[in-house]
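Colleague: For reference, the chains in residue letters:
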Amino acid sequence: MASTACFMIVSKNDIPIYEAEVGTVPKKEDAAHQHQFILHAALDIVQDTAWTTSAMFLKAIDRFNDLVVSVYVTAGHILSFVMSDFIIHTRLMLLHDSRNEDGIKSFFQEVHELYIKASSVMFYNLI
Amino acid sequence: MEPDASIETSSMIRVAVIPISDVTPLLFREYAAMLLRHHTVSLNSISSFYTEHQKSPFAHQPWESGSLRFKFILGGSPPSPWEDFQSNRKILAVIGICHCPSAPDLRSVVDQFTAACKTYSSSLVQRCFAFCPGDSQLEDGSVKGSNLILFPPADRQTQEFHMQTMVQDIAASLLMEFEKWVLQAESGGTVFKTPLDSQASLSSEEVIKAKKRRLGRAQKTIGDYCLLAGSPVDANAHYSTSLELTRLTADFFWYAGAMEGSVCALLMDRMGQKDPVLEDEVKYRYNSVILHYRKSFIQDNAQRVSPLSFELEATLKLARFLCRRELANDVVELLTATADGATSLIDASDKLVVYVEIARLFGELGYHRKAAFFSRQVAQLYLQQDKKFAAISAMQVLAMTTKAYRVQSRASIGPSNDAGQTHADGGKVHHHSIVSLFESQWSTLQMVVLREILLSAVRAGDPLAAWSAAARLLRSYYPLITPAGQNGLFNALVNSAEKLPLGTRCSDPALPFVRLHSFPLHSSQMDIVKRNPAREDWWAGAAPSGPFIYTPFSKGEPNNSNKQELTWVVGEPVQVLVELANPCGFEVMVESIYLSVHSGNLDAFPVSVSLPPNSSKVITLSGIPTKEGLVLVPGCIVHCFGVITEHFFKEVDSLLIGATQGLVLSDPFRSCGAAKLKHAHLPSITVVPPLPLLVSHIAGGDGSVMLYEGEIRDVWISLANAGTVPVEQAHISLSGKNQDSVVTVASETLRSALPLKPGAEVTIRVTLKAWQLSKTDSDAAASKGMPGSSVRQAKDGSSPLLLIHYAGPLTTPGEPETVSAPPPGRRLVIPLNICVLQGLSFVKARLLSMEIPARIGEACSMQAQLERGNTEQVNSSERQADRLVKIDPNRGSWGLRLLELELYNPTDVVFEAGVSLDMENTNNQENLSDNISAEYGEPKTRIDRDYTARVLIPLENFKLPVLDGSFLGNSSQNNGTSGSRNNSFSEKNIKAELNASIKNLISKIKVRWQSGRNSSGELDIKDAIQAALQASVMDVLLPDPLTFGFRLAKTSSDDINVDSDVTSCESGDSIIAHEMTAMEVLVRNNTKEAIRINLSIACKDVAGENCMEGDKATVLWEGVLRGISMEVPPLEEVKHAFSLYFLIPGEYTMLAAAMIYDANEVLRARARSDALDEPIFCRGPPYHVRVSGTR
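Sequence order for the protein chains is A and B. Per the numbering used here, residue 824 is the first one in the first sequence, and the count goes up by one each step. Per the numbering used here, residue 9 is the first one in the second sequence, and the count goes up by one each step.
No wet-lab data here; the hints were simulated from the structure. We treat Cβ as the ideally placed atom computed from N, Cα and C, and that holds for glycine. Watch out, some of these pointers could steer you wrong.
[Stated by the list, open to error] Computed Cβ-Cβ distance ranges for the label pairs, DEER-style:
hint: 1; chain 1: B; residue 1: 607; chain 2: A; residue 2: 936; range: 51 to 61 Å
hint: 2; chain 1: A; residue 1: 826; chain 2: B; residue 2: 488; range: 22 to 32 Å
hint: 3; chain 1: A; residue 1: 826; chain 2: B; residue 2: 223; range: 49 to 59 Å
hint: 4; chain 1: B; residue 1: 496; chain 2: A; residue 2: 920; range: 46 to 56 Å
hint: 5; chain 1: A; residue 1: 826; chain 2: B; residue 2: 88; range: 22 to 32 Å
hint: 6; chain 1: A; residue 1: 940; chain 2: B; residue 2: 628; range: 48 to 58 Å
hint: 7; chain 1: B; residue 1: 496; chain 2: A; residue 2: 826; range: 28 to 38 Å
hint: 8; chain 1: B; residue 1: 622; chain 2: A; residue 2: 923; range: 47 to 57 Å
hint: 9; chain 1: A; residue 1: 936; chain 2: B; residue 2: 333; range: 33 to 43 Å
hint: 10; chain 1: B; residue 1: 88; chain 2: A; residue 2: 936; range: 57 to 67 Å
hint: 11; chain 1: B; residue 1: 411; chain 2: A; residue 2: 937; range: 33 to 43 Å
[As the list claims (entries may be wrong)] What the simulated footprint calls covered on chain A by chain B, stretch by stretch (three residues with Cβ under 8 Å from a Cβ of chain B suffice, anywhere in the stretch; the number is not a length):
hint: 12; segment: 885-897
hint: 13; segment: 927-938
Extracted from the complex, chain B is given alone in its bound form (with noise of 0.2 Å):
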């Protein structure tokens, strides 16, 4: 049996091609390819060399269309018996390749080559080709004449055709030769014997049978090499006599040999053209071969030597010949019989070589598991000779049956070509791509192939091999491996590691299995946003943008792991997270583990991990980024059993989604106890240049600042340029919750900071008030006792965050403006972790009002002034000379309203909580000064624990200077006093300047507390104020239109100065009685028009705190003088004089009053009148009068 059998074999001459000398295996086999390509040589071009020295018995050559095969045979190969039977079985020529330099003795090459040449008795051509011979050697006379072919250095093309010559040399001697044997033949009265025909003694009758068979043997012999020389014609008449003669003579074997060679010679006439009748014929012909064949079994001889070899060979032959995918029935059925014969087939290796023979066939069918399933028939013979070149070569033969088990290495896949690739649409992996992957559920079969192959390369000493069987067979059926079994294959991973180089990489994964499990999102420290150039608020750009308000694609973080795209910078250190599972019950030492990076961009680190048994673990990998572009990071290379392996995410992905749908065993992940991971796609990963980074440090500690309610504090916070690029751009903003407790950001330090170099830093003062804490914190916080609940708010995230946008220059430096995309942008989150106690507490407020008359004796030092000043320095003074709790006695209180405040300390500390005004919103410069000794003058009010106190806010202040239109409403002013006559004065009007002078006078009032050193704050009571006052806010916020005053006439000659004047008004009682008394009333008008008036003054006697109302006070005296009429310019006093004389020492109280004539709307609307005839009748502070008798 022969591999390669087909049934042109027969017209093909042997030639064995032997190394002579030192050759070494390379160039042997480097000079034997140049051979090789000269495996046809045409009779045409060898008829130069052919000389025909007697009549050629091949009459019938085709000179022209003729050719001669070679078959060389590297190596050589012994003679086989079977020789005489089939000549083409025969070495006809031996050439010898030899490489000069290496044998620089040519005459011993010569006796090397012929005695090599002695082995092969039925050589008829031999030639030595000796290469690349030196001078010396091409010079050498001694090796003339011998059958040594100097091939002189040579480029190749011309050694190609020097090779070619001698091809056509070797061909034609080989055709004279073959005219000799056949004319000897011819005559000569040769014996053909075969290993079937008895060997022993040939008795008579066997002689004489052999001598009738001798001609028809003789002939078939003759049509063989008629076959050689390329003669299909004269080939095909020596059969057809042969075919008589041994059918006459019953010599089935050689008959069959004959009908063979007759189909040859019937194919080669055909040159090579294939039709219907041609391929019917063949079958035919083969049909009766094979049937021959087995007619000559004998049985006999059938222990030692059988025609099965023949008959099978005749069936592959037919198979390879019909070897097409229509005529698939026909080849199943040969090779199936060829298979059933082989079981009987004695010599093993010819068992052998059939089943390669049927597994090549099948796979050319494209029958590939048949194909497999010979392929391991045939390793499992090799596996039976106890020989390592037997193992290597079962180790190949299974190699290739891989691919029909699936169970192929990821090398002889090659470099899959998606390994990095991102999944593009969406990581959607389709349906069917999976089940491919694992279409082949045939876990026994793949389990026992994978068996096989590490038993053979462990036979083999192949290590590499051996691992990566093991490796196979321990990730992919781990679950069907007894934990004995996953120990063996333990032990045979770590047993082949031991032999392999350190280092070594293998392209199969073993374990663990590692699967991405996300990538760490940016910490707000370092998110980067993506600029947009085009505009201010580049950052803007970077939100989903779109008609929509809310797309499902954008759901989520920004920076969500789902998100297909991540951004790493050039030197800043990045973190990947996988997860690794060990489902085996032995321990998994990682030696190391990192990322495979197949951009080349990133420096990985390795990080060694060991997992116990039946084990899952996430970890962290980390590396830097080295160059801007995109990252494919679509694995790990793992370094575990001694051997590295590169372990893809995406197969493990695969693993798990047929997990899912039950087409693979288990997932590795679960059966650890892995958590259920939501499937991590590989995001798009871009590595951007270097960035700006800052640093935020808030000074005093980054925990949480404790604030009391309403407490206001600086806080600083340091910002440092940790980056390599300066930092150009930077926008603070605000966002989160109680936002309104960032009073101010210095952004315009930082600004001015810009740019802010690598390493430099920054300060900026950010001023926070503390919130109020909404009624169910406060509770809450009583309950739980103040530390539990500050924790609690810290936590909440009501805090508000500060967000500062910066980026670097927007194009680096080296590189041309041209560049698309400036590199993007950084935001700092930085949380102000306030956490907000419960402070001094509002109880409640209340409105008071204070009734104290004035003296009228000794109001000498308020006159004075009013007649020196203009009025506005006559308000600020005023304002000045009443101080707020202050009341000068002389002026009385009348009218005085005062806000009381209720405050209590829940809190463990003391507060000292004072009222201030802040007369900000007044345009006066002059007041300013007011303002802060108003601020500072003011009492505190000590608020101890657990205490209430309350604090008087007096509201007279807050008396608009002028009662005029616009404080009730614009018409009246726009219009002047015929606006004044429409009723356009609505209500609604009136109401929202009202409201907002309320809330102006209500901005000015602020509760500020402190408590110890550093804390303090305001208290937010705007909204009890304004309920407090919602009532009388009127009476509060404007003046009367008129305002009345009493004073003594001064005598004729008075023109005293102040000083002497309030010397005068200290000096007492001025009023005597008995005495005409001088007095003046002042009436001031405090509109800006003249108002007429009918003035009243009445003049009681004191009996009661207030004897001008109410019923109770008995009055003994009373005067009224009336009738004074008189008009008042605006915003001016006028003085009308009268005199008194009092009889009775004793106490007075006078009251003016006015009768307004034609009062407009202000005055009507500010004495609530509604009727348009209804006078209005206005009142001043009653004053006292002290009487005193004669002196």
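In isolation and in its complexed conformation, chain A is listed as follows (with noise of 0.2 Å):
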């Protein structure tokens, strides 16, 4: 069964630094807007639910026509840096129609983790 999966990497102040379709259907010029658009906009949720809850992976919480976005939010590293300490809200975004959970959740704690050996290194500044 071909499946839809859209994965993003969105950074501090809404920047998107990773987008890539991970989906088995064949790709789409349209689709990979449509995706993106509904991505864009699932960040006004996640932006509100990120804290009202200590989860960090929301499940399901957007949803338009099939296409369900679950969100897995990293803590607020603070990555001390030599000259300055910010903080890295980063979201992991993903959307997709099926609706296993479980490999949803850790695929997302998968590339949270290669996320954090990534900015661990010292001179990579993600922005």
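Can you join these two chains into the complex? Each is in its own frame, and there are hints to help.
Modeller: Below, the structure written as structure tokens:
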């Protein structure tokens, strides 16, 4: 069964730093736009919900038609850089149509680990 | 589905407001606006219009606090199929609006209105408002009795009052109609049907079912009317009954409807109070409403009609009720559910309404991105319809999303407040603000949105919006657009522009990118200097003041472009360099570009420029300031692609900063290969009133003046005032290297010419003297050849600069004296381009001595003169007598020193060198003529190219007339003889004085040269002369304390005059052997004190050159006369007569010598003797005596 999945990492100031169509549905230009539009709109909801819960994984936080947005909000890492301390409040967002919650959760956790590894490199400045 | 649905909608009386006859839309809107204000009419106010015909069914009507609510529908609406189900959907009243001046026949107005009302079958009350009727119309009685209401012309207040009364009348009529209707409905057997009910044949079963349900539905409808009549308590009672009945008959749809009505009644009853309990109640009931609407879904007619729209509408109503930030979660949940449901809506317009409502509610909640998302969905639905109006709507809806997607047009942001603001904080842009500019990097979305706006604008036929969208798309996302796409946008821009009238302005700039490059410096001819009125040297205050010599803030040139202040002058053209970049794949033709001046005091000149694909260009934009004050130049006005846009420098600056931080896609200038430019800040520019403007012109061309080393030449500089204000103050100073080379500047000439009126001109003379080339320079010149070196010299910047600070009047005429700051002054820098060529070069200097003994017999003329005049005269005449090189043989030249200068001419021209002695230092006026004659009388030495020549300078003339302590030290003179006794005569003092004297001497020696007709100069050989003289300077400078002379004594009867004397001198030999020859020795005291001496005279026959010194002389005859003691008074001459008797004719040498008794320090110093008791011996020069034989 073909599935849709659009994965995105959104950094502080809501700037997307990574975007990938990871679904198996043959890629369509319009769909990609639509996915981004949905994810972009979902940020409004993530922004509110993230503060109401201590959970990092916000499953099916938003949906449009049959597409569901699940979000993994990384804890506000305080990365002590040489000169400045700042919080990177990054959101890993996945737009999907499958209901495999566990799979999605473990996917997020894996990505999160990799993300921390990447951002811990001192000279790597994630915007 | 209806837009704007809320829970309260059920209680609103729908009134159609329709234009009758010809009413312009504008007027219609204006009259309607007057009506719309009366959307709520309190029951209290209508009681006077209300008459109770029968017992009112609204038993619990709250006459004191209740009200009727109207929903005016402008233009009316078609009847809804759901009117029976929700009575508030019925058009219950019709109000016609007529503008009498455009509809003269009132009868026809009435007819038209009646016809119009027919379409509203459900309407209970009809009124036609006719505004501004004429007198004849007011008197027209034919319309009496119809429902035409004339609003006579009156002031606004009266009209509004009239309107209010009419609305109250309508409200009362409606209320009475409602009562009538309710009474009828209760008794009558009206069947209430909805499209949901089977429309086809009513089978018996269904008829029974309908009969069963009729009561419940009737109760619900009565409840609706109660709500409309503003009686929630009555409504609630009917709804309760209805709920019971519909529940029993499983009429879920009507049950839900009744439930909705009951919630509305509940809220009406509570009069807008909101408390959590009420909220929970509403939520609970509405959830039930939604549930029952869902339950009423019948599969049979799902294709045709569905209660889904009611379910969604109910959901939206609840969401609207709850729409608060605190309940965002609930609202989002409801709205998401609505959005889900919307997909299965059959009617496209229903879907549209749902999305519109969702977007609005999200917007209300503050979820702008969500709102934008649904707005875009709406726009897409519109775009699916292939109609122009739909496209216009799509465009308008998309325009609302631009803020959330951060692609808004500059027009929608409004005039940016700080567009023209200069960076007050030193041009620092905060990181945060830049980030917020590019906060959203959702470039894909942004491009999609802009493309959709472009598409909808093209379809809607709005060329300006299309142009703006294409411009934004191109400007912001050109790196992401393929060349083909860029060309498409280019075409879109051009096509849109064709449809626009010429000179259309758009707030969104397209290409090219424009950034501030620099402000060209004022040319050195036009420098503006702040004037410090408190100081005489007013320009001095302009320099940075403070305790520090160096401040990092004032680093750099005073006119550096970094400087935050710039001064422009009214009427003088100014220039600004801007850089344009076209990073796209097509050629950009900028039809005109000029500075945008918000302050309005600069006339900018447009420039046209064409930018090839992927190129950048620096162009100069110019303008003329017209008025004093601050100038704000925030950007440029660009006329490109057929539209005029304003490009702000600040935006591009932010873009470039963003590019360096990786926030923006690309730096357009860098991608075009433009050089990396330091961020140029907009300085604060002040325009000052007109200033004078001096223009300099060097006579003979502005090229460099070619001078040989040491050459002196006059340069004439003409200064003209090209400004419009007279020059009132001017000061000339020098700066730069080799300032010594400017000998004189005729600043007096300039000063006397002040005030220099506009257009006036003054010529000043500057005397230049070329400096000496340094060793390396001349070497380089030799190796390179002359022309090369001259160019280099000129470019070196080794030439001096003439600075002229000048200013106009302190106050401009016509202005009060109290103007705080005077207009600034100016500085004119005239570079004196001197190109020094290697000239006559000095090789070496030598001091030579020449000794020729004098002849006694021929010294008479000198004696005669000596006797006649005083010493001064003698001195001068002496000097006159012995010309520099001509030596009087009678006097001889004993001890004469000659300075030999060897000069070399490496140039390719001929030099003539001559030595002159400047006797300017002597204070005797008489000598002046002598000096001049000395200068002009001297012979020139011609030095051909590549030849060496020697020039001799006799130094005898420099002997001082008096041997005085003052030449050796001050102390002796000050203290007199007693002072001379003490040992204050320090070596140091002597040395210092001597050095001064030497310098004096050296400065008198001038080697002037001339080459060709107009090149003349002076050799700078002071050092060389000093070196040559150093050893024997004392002998050269100081006279001996005693000078000795011999002469033949005159015969007693001799009282000859000069003339005879001369003749006798010329007669030749006068000493004869074997005769007594009377002679005199003359001893002259050159000091200021009397000297006692012991004189001795020696006479030897001559066999050698110098028989007095040296051992080689063979002396045959010798006699000495000694022991002559005498005292010579100061500065006087003493004669001592003696006689000689020569036995043998021949050449004899006579020598006088003296031993000085009690020599003082002066003498001792002169004799260089250290010991106090050592006698000082003084000797005169040898004199030759020729003794002839017998006559």
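Colleague: Each hint should be assessed against the structure and marked as holding or not.
Modeller: Each hint, compared with the structure:
no.	hint	in the structure
1	B:607 x A:936: 51 to 61 Å	holds (59 Å)
2	A:826 x B:488: 22 to 32 Å	holds (28 Å)
3	A:826 x B:223: 49 to 59 Å	holds (53 Å)
4	B:496 x A:920: 46 to 56 Å	violated (34 Å)
5	A:826 x B:88: 22 to 32 Å	violated (43 Å)
6	A:940 x B:628: 48 to 58 Å	holds (54 Å)
7	B:496 x A:826: 28 to 38 Å	holds (35 Å)
8	B:622 x A:923: 47 to 57 Å	holds (49 Å)
9	A:936 x B:333: 33 to 43 Å	holds (35 Å)
10	B:88 x A:936: 57 to 67 Å	holds (58 Å)
11	B:411 x A:937: 33 to 43 Å	holds (35 Å)
12	885-897	holds (count 4)
13	927-938	violated (count 0)
In the structure shown, a violation is registered for the earlier hints numbered 4, 5, 13, in ascending order.
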